[in-house]
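Enquirer: If you're matching them up, the sequences are chains A and B in order.
Under our numbering, the first residue of the first sequence is numbered 1, with each subsequent residue one higher.
Under our numbering, the first residue of the second sequence is numbered 598, with each subsequent residue one higher.
These are computed hints drawn from the structure, not numbers from a lab.
Just so it is clear, CB atoms sit at the ideal spot from N, CA and C, and this is done for glycine as well.
Errors might be hidden in some of the hints.
With a straight-line cut-off of 16 Å between C-alpha atoms, the simulated EDC-like cross-links for lysine to aspartate or glutamate are [what the hints assert, rightly or not]:
{"#": "1", "chain 1": "B", "residue 1": "K792", "chain 2": "A", "residue 2": "E365"}
{"#": "2", "chain 1": "B", "residue 1": "K613", "chain 2": "A", "residue 2": "E72"}
{"#": "3", "chain 1": "A", "residue 1": "K2", "chain 2": "A", "residue 2": "D452"}
{"#": "4", "chain 1": "A", "residue 1": "K46", "chain 2": "B", "residue 2": "E781"}
{"#": "5", "chain 1": "B", "residue 1": "K649", "chain 2": "B", "residue 2": "E744"}
{"#": "6", "chain 1": "A", "residue 1": "K2", "chain 2": "A", "residue 2": "E336"}
{"#": "7", "chain 1": "B", "residue 1": "K629", "chain 2": "A", "residue 2": "E41"}
{"#": "8", "chain 1": "A", "residue 1": "K597", "chain 2": "B", "residue 2": "D624"}
{"#": "9", "chain 1": "B", "residue 1": "K768", "chain 2": "B", "residue 2": "D708"}
{"#": "10", "chain 1": "B", "residue 1": "K629", "chain 2": "A", "residue 2": "E289"}
{"#": "11", "chain 1": "A", "residue 1": "K42", "chain 2": "B", "residue 2": "D719"}
{"#": "12", "chain 1": "B", "residue 1": "K613", "chain 2": "A", "residue 2": "D85"}
{"#": "13", "chain 1": "A", "residue 1": "K42", "chain 2": "B", "residue 2": "E744"}
{"#": "14", "chain 1": "B", "residue 1": "K742", "chain 2": "B", "residue 2": "D624"}
{"#": "15", "chain 1": "A", "residue 1": "K515", "chain 2": "A", "residue 2": "D452"}
{"#": "16", "chain 1": "B", "residue 1": "K815", "chain 2": "B", "residue 2": "E664"}
{"#": "17", "chain 1": "A", "residue 1": "K46", "chain 2": "B", "residue 2": "D839"}
{"#": "18", "chain 1": "B", "residue 1": "K742", "chain 2": "B", "residue 2": "D776"}
{"#": "19", "chain 1": "B", "residue 1": "K684", "chain 2": "B", "residue 2": "E667"}
{"#": "20", "chain 1": "A", "residue 1": "K132", "chain 2": "A", "residue 2": "E72"}
{"#": "21", "chain 1": "A", "residue 1": "K281", "chain 2": "B", "residue 2": "D611"}
{"#": "22", "chain 1": "B", "residue 1": "K629", "chain 2": "A", "residue 2": "E336"}
{"#": "23", "chain 1": "A", "residue 1": "K42", "chain 2": "B", "residue 2": "D609"}
{"#": "24", "chain 1": "A", "residue 1": "K132", "chain 2": "A", "residue 2": "D53"}
{"#": "25", "chain 1": "B", "residue 1": "K824", "chain 2": "A", "residue 2": "E289"}
{"#": "26", "chain 1": "A", "residue 1": "K597", "chain 2": "B", "residue 2": "D611"}
{"#": "27", "chain 1": "B", "residue 1": "K826", "chain 2": "A", "residue 2": "D350"}
{"#": "28", "chain 1": "B", "residue 1": "K684", "chain 2": "B", "residue 2": "E664"}
{"#": "29", "chain 1": "B", "residue 1": "K795", "chain 2": "A", "residue 2": "E336"}
{"#": "30", "chain 1": "B", "residue 1": "K696", "chain 2": "B", "residue 2": "E802"}
{"#": "31", "chain 1": "B", "residue 1": "K792", "chain 2": "A", "residue 2": "E336"}
{"#": "32", "chain 1": "B", "residue 1": "K794", "chain 2": "A", "residue 2": "E41"}
{"#": "33", "chain 1": "B", "residue 1": "K629", "chain 2": "A", "residue 2": "D350"}
{"#": "34", "chain 1": "B", "residue 1": "K796", "chain 2": "A", "residue 2": "E32"}
Derived DEER-like restraints, expressed as beta-carbon distance ranges [what the hints assert, rightly or not]:
{"#": "35", "chain 1": "B", "residue 1": "P823", "chain 2": "A", "residue 2": "G573", "range": "34 to 44 Å"}
{"#": "36", "chain 1": "B", "residue 1": "V829", "chain 2": "A", "residue 2": "R290", "range": "15 to 25 Å"}
{"#": "37", "chain 1": "B", "residue 1": "D663", "chain 2": "A", "residue 2": "E72", "range": "30 to 40 Å"}
{"#": "38", "chain 1": "A", "residue 1": "E453", "chain 2": "B", "residue 2": "K629", "range": "19 to 29 Å"}
{"#": "39", "chain 1": "B", "residue 1": "K751", "chain 2": "A", "residue 2": "E28", "range": "48 to 58 Å"}
{"#": "40", "chain 1": "A", "residue 1": "D369", "chain 2": "B", "residue 2": "I801", "range": "21 to 31 Å"}
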Amino acid sequence: MKELPAHLTGGNFLLTETDPGLVFTPEELSAEQRLMAATAEKFMEKEILANLDALEHQADGLMPKLFRKAGELGLLGMGVPAEYDGLGLDRATTVGVEEQLTRLGGFGVTCGAHCGIGTQPLQYFGTEAQKKKYLGKLATGEWIGAYALSEAGSGSDALGLRTKATLSPDGKHYLLNGTKMWISNAAWADLFTIFAKVDGQQVTAFLVEKTFPGVSTGKEEHKLGIKSSSTRRVILEDAQVPVENLLGEVGKGAYIAFNILNLGRYKLGAGAIGAAKESLKVATRYAQERQQFGRPIASFGLIQQKLAQMAINIFAAESAIYRTAANMDAVAATGEMMDSTNPPFPRALDEFALECSVLKVACSEILDDVADETLQIHGGYGYTEEFSAARTCRDSRINRIFEGTNEINRLFIPGLLMRRAQRGRFPLVAAITKVTKELLDPAPLEDSSGGDELAPAQALLVNAKKLALFVSGVAFQKFGEKLADEQEVVGHLSDIIIDIYLGESAVLRARKGRKSAGSAAALSDLALGFVNDAVGRMELHARHALAAVSQGDELRAQLGIVRRLMRWTPLNGVALQRRLAKRLCEVGSYPALVASK
Amino acid sequence: MKILVPLKRVPDPDTKIRIQSDGSGIDLDGVKFAVNPFDAIALEEALRIEEKLGEIEIVVVSIGGDECVEQLRVGLAMGADRAVLVKTSESSDSLAIAKILAAVYQREQPDFVLMGKQAIDDDSNQAGQMLAALLGVGQATFVSKLELIENNTKARCGRETDAGIETVTVKLPAILTTDLRLNEPRYVSLPGIMKAKKKPLEEIELASLGVAAVSRTKVLKLEAPPKRKAGVRVKTVDELVDKLKHDAKVI
Numbered sequence: 001m002k003e004l005p006a007h008l009t010g011g012n013f014l015l016t017e018t019d020p021g022l023v024f025t026p027e028e029l030s031a032e033q034r035l036m037a038a039t040a041e042k043f044m045e046k047e048i049l050a051n052l053d054a055l056e057h058q059a060d061g062l063m064p065k066l067f068r069k070a071g072e073l074g075l076l077g078m079g080v081p082a083e084y085d086g087l088g089l090d091r092a093t094t095v096g097v098e099e100q101l102t103r104l105g106g107f108g109v110t111c112g113a114h115c116g117i118g119t120q121p122l123q124y125f126g127t128e129a130q131k132k133k134y135l136g137k138l139a140t141g142e143w144i145g146a147y148a149l150s151e152a153g154s155g156s157d158a159l160g161l162r163t164k165a166t167l168s169p170d171g172k173h174y175l176l177n178g179t180k181m182w183i184s185n186a187a188w189a190d191l192f193t194i195f196a197k198v199d200g201q202q203v204t205a206f207l208v209e210k211t212f213p214g215v216s217t218g219k220e221e222h223k224l225g226i227k228s229s230s231t232r233r234v235i236l237e238d239a240q241v242p243v244e245n246l247l248g249e250v251g252k253g254a255y256i257a258f259n260i261l262n263l264g265r266y267k268l269g270a271g272a273i274g275a276a277k278e279s280l281k282v283a284t285r286y287a288q289e290r291q292q293f294g295r296p297i298a299s300f301g302l303i304q305q306k307l308a309q310m311a312i313n314i315f316a317a318e319s320a321i322y323r324t325a326a327n328m329d330a331v332a333a334t335g336e337m338m339d340s341t342n343p344p345f346p347r348a349l350d351e352f353a354l355e356c357s358v359l360k361v362a363c364s365e366i367l368d369d370v371a372d373e374t375l376q377i378h379g380g381y382g383y384t385e386e387f388s389a390a391r392t393c394r395d396s397r398i399n400r401i402f403e404g405t406n407e408i409n410r411l412f413i414p415g416l417l418m419r420r421a422q423r424g425r426f427p428l429v430a431a432i433t434k435v436t437k438e439l440l441d442p443a444p445l446e447d448s449s450g451g452d453e454l455a456p457a458q459a460l461l462v463n464a465k466k467l468a469l470f471v472s473g474v475a476f477q478k479f480g481e482k483l484a485d486e487q488e489v490v491g492h493l494s495d496i497i498i499d500i501y502l503g504e505s506a507v508l509r510a511r512k513g514r515k516s517a518g519s520a521a522a523l524s525d526l527a528l529g530f531v532n533d534a535v536g537r538m539e540l541h542a543r544h545a546l547a548a549v550s551q552g553d554e555l556r557a558q559l560g561i562v563r564r565l566m567r568w569t570p571l572n573g574v575a576l577q578r579r580l581a582k583r584l585c586e587v588g589s590y591p592a593l594v595a596s597k
Numbered sequence: 598m599k600i601l602v603p604l605k606r607v608p609d610p611d612t613k614i615r616i617q618s619d620g621s622g623i624d625l626d627g628v629k630f631a632v633n634p635f636d637a638i639a640l641e642e643a644l645r646i647e648e649k650l651g652e653i654e655i656v657v658v659s660i661g662g663d664e665c666v667e668q669l670r671v672g673l674a675m676g677a678d679r680a681v682l683v684k685t686s687e688s689s690d691s692l693a694i695a696k697i698l699a700a701v702y703q704r705e706q707p708d709f710v711l712m713g714k715q716a717i718d719d720d721s722n723q724a725g726q727m728l729a730a731l732l733g734v735g736q737a738t739f740v741s742k743l744e745l746i747e748n749n750t751k752a753r754c755g756r757e758t759d760a761g762i763e764t765v766t767v768k769l770p771a772i773l774t775t776d777l778r779l780n781e782p783r784y785v786s787l788p789g790i791m792k793a794k795k796k797p798l799e800e801i802e803l804a805s806l807g808v809a810a811v812s813r814t815k816v817l818k819l820e821a822p823p824k825r826k827a828g829v830r831v832k833t834v835d836e837l838v839d840k841l842k843h844d845a846k847v848i
């Protein structure tokens with residue numbers, strides 16, 4: 001494998017400091033990229049918002065009709081190469097559009113399931129003939145795609161699937177038998193990517209047209225939210241799939257399933273933040289309109305705190321999304337391929353698996369918080385269906401479940417670090433050794449005095465990385481390979497890593513913004529607000545993790561190191577949040593807040 | 598056939614407008630910009646005429662700084678063939694704009710001009726009329742229905758007036774200004790945006806047009822309209838009549 005620049009390798013953010021010049025920020029989006037997002041925004045206002053009630057009740061044929069209209073505008077084939085009727089756009093460009101498409105619950109799920117997991121298995125693992133046959137139809141929205149991995153008995157344990165594929169005696173077909181659960185787009189999909197076991201053993205992917213004999217769908221699931229999307233079982237009864245519709249190779253389905261899920265997780269993160277921004281917009285407007293005690297509730301501290309907190313978390317997540325998107329683009333541009341499958345697949349799908357899981361967990365939880373606080377700001381009205389807040393809460397909840405539960409993704413994060421370390425792709429052991437030695441020798445830590453207002457936050461993050469490595473080292477020393485069984489410890493580690501990635505992305509963005517956009521005060525406040533809160537969270541997670549590993553004097557010594565690393569003079573968070581909330585209300589929206597000087 | 602469509606860069610209609618504390622202008626910090634919606638309607642109409650007649654050149658023009666390129670690109674992405682930016686750093690009033698557009702008209706020699714009846718930023722509603730007068734050509738304003746007739750030599754226009762729809766026929770070339778109900782502009786499609794990058798966009802300095810376009814008006818002060826006071830609830834018709842007579846003094 002080719003040596004890539006450090007910042008373009010997965011997990012590297014834990015090891016080295018990144019120059020702000022190397023991260024891509026939303027402020028750098030070109031006029032064309034913004035215009036594309038504006039088209040999606042207008043489409044959502046005019047077509048989806050206007051039809052929301054009918055969509056929620058699954059009015060006959062409405063979703064496929066609006067879906068195809070989105071296709072005509074080019075919104076569904078952005079990532080597909082031009083030779084297959086797509087637009088061949090990079091991820092940094094498509095994020096803005098995806099954020100818009102997903103801001104209203106079910107429609108986003110329909111588009112996301114189609115563009116992501118519905119189209120990408122074919123795009124990245126299909127043969128030329130398969131792509132010629134199907135990819136253009138998916139890119140234009142003429143056909144709707146779906147991805148079928150989960151089963152009644154295998155959700156998180158995806159490879160425990162029981163659907164069988166048996167080669168027909170004449171060798172022309174595979175006969176698929178089994179039932180797939182929770183399949184988004186099932187009602188409307190023309191093409192399913194279905195995972196089944198050949199000879200009951202080898203996980204293999206198949207491209208299955210809905211019209212193939214033996215393919216049917218169950219009844220619509222009665223869901224808590226995203227009601228406008230379709231979720232059904234896909235039932236395979238001796239489903240006849242021509243051998244040429246086998247995707248990739250027999251037994252290599254797991255590569256397809258998991259690499260596509262990496263991308264899906266990143267996309268889910270972007271979509272969740274799109275929905276969170278929408279929710280913040282609603283909350284900001286309502287807080288300014290709603291009068292109590294003779295003044296708008298937006299003028300009260302506890303409401304300002306909520307609005308600012310939402311903006312702060314959205315900012316950090318958004319910074320991490322655009323950073324990851326552009327890094328994936330940069331790796332894709334190297335043309336590096338992974339040859340674990342035939343044909344090989346782009347390294348960009350695999351390289352940032354850890355970051356994708358970080359985004360999945362962080363963004364889905366931020367969205368849930370934002371949705372919940374938006375409802376709270378609405379008071380009693382929020383608890384009724386008269387306002388959008390209740391629907392947003394119902395719609396947001398699924399994000400913590402699908403594309404790998406947040407629990408599974410939390411296990412992935414340190415798990416991926418260890419797997420990469422074993423394969424020589426990540427110098428984990430060396431880093432742990434270095435940090436542990438450094439910490440036992442109480443030399444002075446990074447000195448942040450003399451820098452600008454972002455310098456202390458940057459220094460704290462340097463220490464937070466040491467903290468993550470130190471806690472990993474202590475836990476690994478105790479449990480060794482069995483660390484994976486200590487899920488709570490792994491979870492605490494994950495949470496530290498998540499805060500590091502989001503916090504660092506936010507600070508780097510603010511730093512870059514200061515240089516190019518003059519005195520972007522709001523950017524600094526947003527980044528510092530995140531780090532100011534993250535310090536306490538990271539410290540607590542470290543303490544819990546260490547307490548589960550060590551005891552007595554050893555534990556006390558380790559906790560001393562935690563205290564030393566997380567030394568931080570708290571910023572006046574109240575003043576900072578009031579400032580942000582006031583500015584947010586003045587300029588009217590989160591994008592305007594970030595864009596204002 | 599050639600249609601000239603001026604596009605003005607204005608704050609996005611969905612943007613919250615704030616007045617600078619000294620009242621000297623709009624606080625543009627963090628504000629999103631868009632093509633003036635009435636101009637977008639004008640361009641949409643030009644595109645529909647092109648779809649009907651085929652072989653038409655649609656030229657979009659904007660006046661202002663480099664930032665106006667964004668709005669011209671929107672025009673190109675919607676389907677215009679060519680764009681012209683007249684570069685000036687001066688802010689121009691309606692007459693100055695009309696003079697500049699007249700110079701562009703002489704340069705381009707279009708069959709007619711389709712433009713918004715007004716821009717949503719200053720709401721002057723004068724540039725189109727002034728342009729027609731400067732050029733000595735006919736005009737139809739507030740057009741809500743448009744049809745080219747007599748072998749495309751005349752335009753039959755439905756105009757929205759207080760009394761109803763007035764139908765006038767103007768000889769081309771003419772200046773046609775568009776009203777809200779003429780059409781609903783299309784989406785700017787993603788493939789359109791990508792194609793727009795390759796379409797010609799010409800930048801010319803105002804000085805090179807040889808127009809003295811000095812603004813004769815000056816904005817002295819901007820003020821937000823007074824906040825609406827809370828209404829009063831009345832219990833009976835008699836009470837209402839009494840209040841209208843004695844409090845509001847309108848009857």
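Enquirer: Could you check the structure against the hints above and give me the numbers of any it violates, in ascending order?
Expert: 1, 2, 3, 10, 11, 12, 13, 14, 16, 17, 20, 22, 24, 26, 27, 29, 31, 32, 33 and 40
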